[in-house]
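*Asks:* Chain A is already provided as a structure; the job is to place chain B on it using the hints.
So the sequence lines, in the order shown, correspond to chains A and B.
For the first sequence, my numbering assigns the number 258 to the initial residue and increments by one for each residue that follows.
For the second sequence, my numbering assigns the number 530 to the initial residue and increments by one for each residue that follows.
Incorrect hints may have been included.
Subject to a maximum C-alpha distance of 25 Å in a straight line, what follows is the list of computed SDA-like cross-link-like pairs (lysine to any residue) [what the hints assert, rightly or not]:
id, chain 1, residue 1, chain 2, residue 2
1, A, K320, A, H403
2, A, K320, B, S696
3, A, K335, B, P694
FYI, nobody ran anything at the bench for these hints, they're computed from the structure.
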Amino acid sequence: MNSTITCGILAILTLPFPLSASLGRDATSVQEDVAQMQGTLRTSSGNSYTLHEIQTPAGVAVKEYASPVGKVFAVTWKGPYHPDLRQLLGPYYDEYVQAVRTQRTQRSGRGPILIQHAGLVVEVSGHLRSFVGRAYVPQQLPAGMHVEDIR
Amino acid sequence: MKPARLHEFFSLLLAGILAATVGCGSSGRSSTSNSSGGSTTPVNNVQTITVNTGPTAGPPINSPAINEPFTSVTVCAPGSTSNCQTVSGILVDTGSPGLRILSSALTISLPQQTGAGGNAVVECLPFVHGFTWGPVQTADLTIAGEQAKNLPIQVIGSTTFPTIPTSCSSKGVEEDDLKSLGANGILGIGIFAQDCGDACTLTGSSNPGLYYTCSSSGCQVTTESLANQVANPVRFFATDNNGVIIDLPAVTGAEASITGSLIFGIGTQSNNALGNATVYTINPSTGDITTRFNNTNHTSFLDTGSNAIYFLDAATTGFPTCTILTFWYCPTSTQTPSATNQGANGASGTFTFTVANADTLTGSGTIGVANGLAGPNAGTFDWGLPFFFGRKVYTAIENQNTPGGLGPYWAY
Chain A
258 MNSTITCGIL
268 AILTLPFPLS
278 ASLGRDATSV
288 QEDVAQMQGT
298 LRTSSGNSYT
308 LHEIQTPAGV
318 AVKEYASPVG
328 KVFAVTWKGP
338 YHPDLRQLLG
348 PYYDEYVQAV
358 RTQRTQRSGR
368 GPILIQHAGL
378 VVEVSGHLRS
388 FVGRAYVPQQ
398 LPAGMHVEDI
408 R
Chain B
530 MKPARLHEFF
540 SLLLAGILAA
550 TVGCGSSGRS
560 STSNSSGGST
570 TPVNNVQTIT
580 VNTGPTAGPP
590 INSPAINEPF
600 TSVTVCAPGS
610 TSNCQTVSGI
620 LVDTGSPGLR
630 ILSSALTISL
640 PQQTGAGGNA
650 VVECLPFVHG
660 FTWGPVQTAD
670 LTIAGEQAKN
680 LPIQVIGSTT
690 FPTIPTSCSS
700 KGVEEDDLKS
710 LGANGILGIG
720 IFAQDCGDAC
730 TLTGSSNPGL
740 YYTCSSSGCQ
750 VTTESLANQV
760 ANPVRFFATD
770 NNGVIIDLPA
780 VTGAEASITG
790 SLIFGIGTQS
800 NNALGNATVY
810 TINPSTGDIT
820 TRFNNTNHTS
830 FLDTGSNAIY
840 FLDAATTGFP
850 TCTILTFWYC
860 PTSTQTPSAT
870 NQGANGASGT
880 FTFTVANADT
890 LTGSGTIGVA
900 NGLAGPNAGT
910 FDWGLPFFFG
920 RKVYTAIENQ
930 NTPGGLGPYW
940 AY
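So that you can see chain A by itself, here it is in the shape it has in the complex (with noise of 0.2 Å):
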């Protein structure tokens, strides 16, 4: 319980920049989501990776996989509402919103989001009541892991 409250503390005190960011950063980060989230988190093992799911409760699940060596390299999130993105693709955020208005001057409408970069890939997709998202860094995918095992 205190724990918890300590988390939920640091994260508001950090904010606009929170330490707790995920894409990118260590899996310890993931506590720090889960406080933020306010979430329930269930871990497993895969091959070559940890998986830490988080489930929040206004039905939003977001999943996170860390490498081996501890760090987040790709994030999911299914749900009627978007998760905070800011929190979740940590210092990768502002990348991501430059391109999506980059993206939006091209005619693309309101359709779903592919952003392609060198070092970050997000797509995102659905309506209201139900989306979908995933994002990675395609380089610090850990060997034998494929980009379609993320979802």
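*Replies:* For chain B alone, kept in the frame of chain A given last:
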């Protein structure tokens, strides 16, 4: 004691409703809803929609829209016939519920909805790209001959509430001006009756945090009753309030513009009968159906607010993406793949659709319509506007009765 008092309350309520209903009947005003042979003149339920380069085509934005259906709406201060404004360049969106208008496009002032402590209610509505932020205000909407009185709408980007809470601004791109929204507003006439639904009536961490109350000391997430939420305007109509039809002509290749109809009601007048359209019922919580493509099932939805058919990726489809416009496909020759849509009711229908070279289709900035526009989409099958070309597509609202059964469903 309590149940008994409740029972008494509901009995009184029921009696009141009955009395009111009888009162309506005896006033000499015959109901126009659901009547096929009534003597009253039916309400004009047909609104013209235009697919063209839209309000962002010219300076200063110079970003012409493609495959986006626009229309005009008239909003008045509630009860007023003079404090009114007709706003054009409103995107017709079957993928969201509720009317939203840019504050920069609105010249009249509307009454502000207030919540706890008398503070203003302000909404953060999530879209795929990000969010719209702005106050909930009340308007009388007129569209074709239909009226939605005292309709809660979102006024996007109001200067009265310039400070966006971090919990809202962390959802992606702010779409609060003409350039980022791509329209002067959005007419959301999808399957849901309200934009948030039951979730926003909950307290605590189960509340998704779409509605806020704002005062001079900041904004806080609030609960919002279904009655106060930004609502699908069709549900506020006196008649023709169970759904809509999008009726667009067939399109071959690219054109500057086309016009079609947004018809209100399903089976309520002679011009909106369901006919032999197939009903595909929709998952009522997600708003999705299933598309089967190459023997694999995918989550899918129909959406006039998406400007192309967005599905799978280059590796799976074999269609290369365009070099610069990487969000569209650029096959060397026009392709006609087939897909099968499946409703939750087991209804199923196979059809072909067109995937053409997007560079060729959209080469000119004067083109506002293009059949064959398609692109990759990692998560879902998004049947955007080209799916609607040459089809009459029925969208039935959740929990509403229609000759095709209870909504939500799509039929075509």
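*Asks:* Are the hints correct? Go through all of them and say.
*Replies:* Here is how each hint holds up against the structure:
{"no.": "1", "hint": "A/K320 x A/H403", "result": "16 Å, holds"}
{"no.": "2", "hint": "A/K320 x B/S696", "result": "20 Å, holds"}
{"no.": "3", "hint": "A/K335 x B/P694", "result": "23 Å, holds"}
When each numbered hint is compared with the structure, no violation occurs for any of them.
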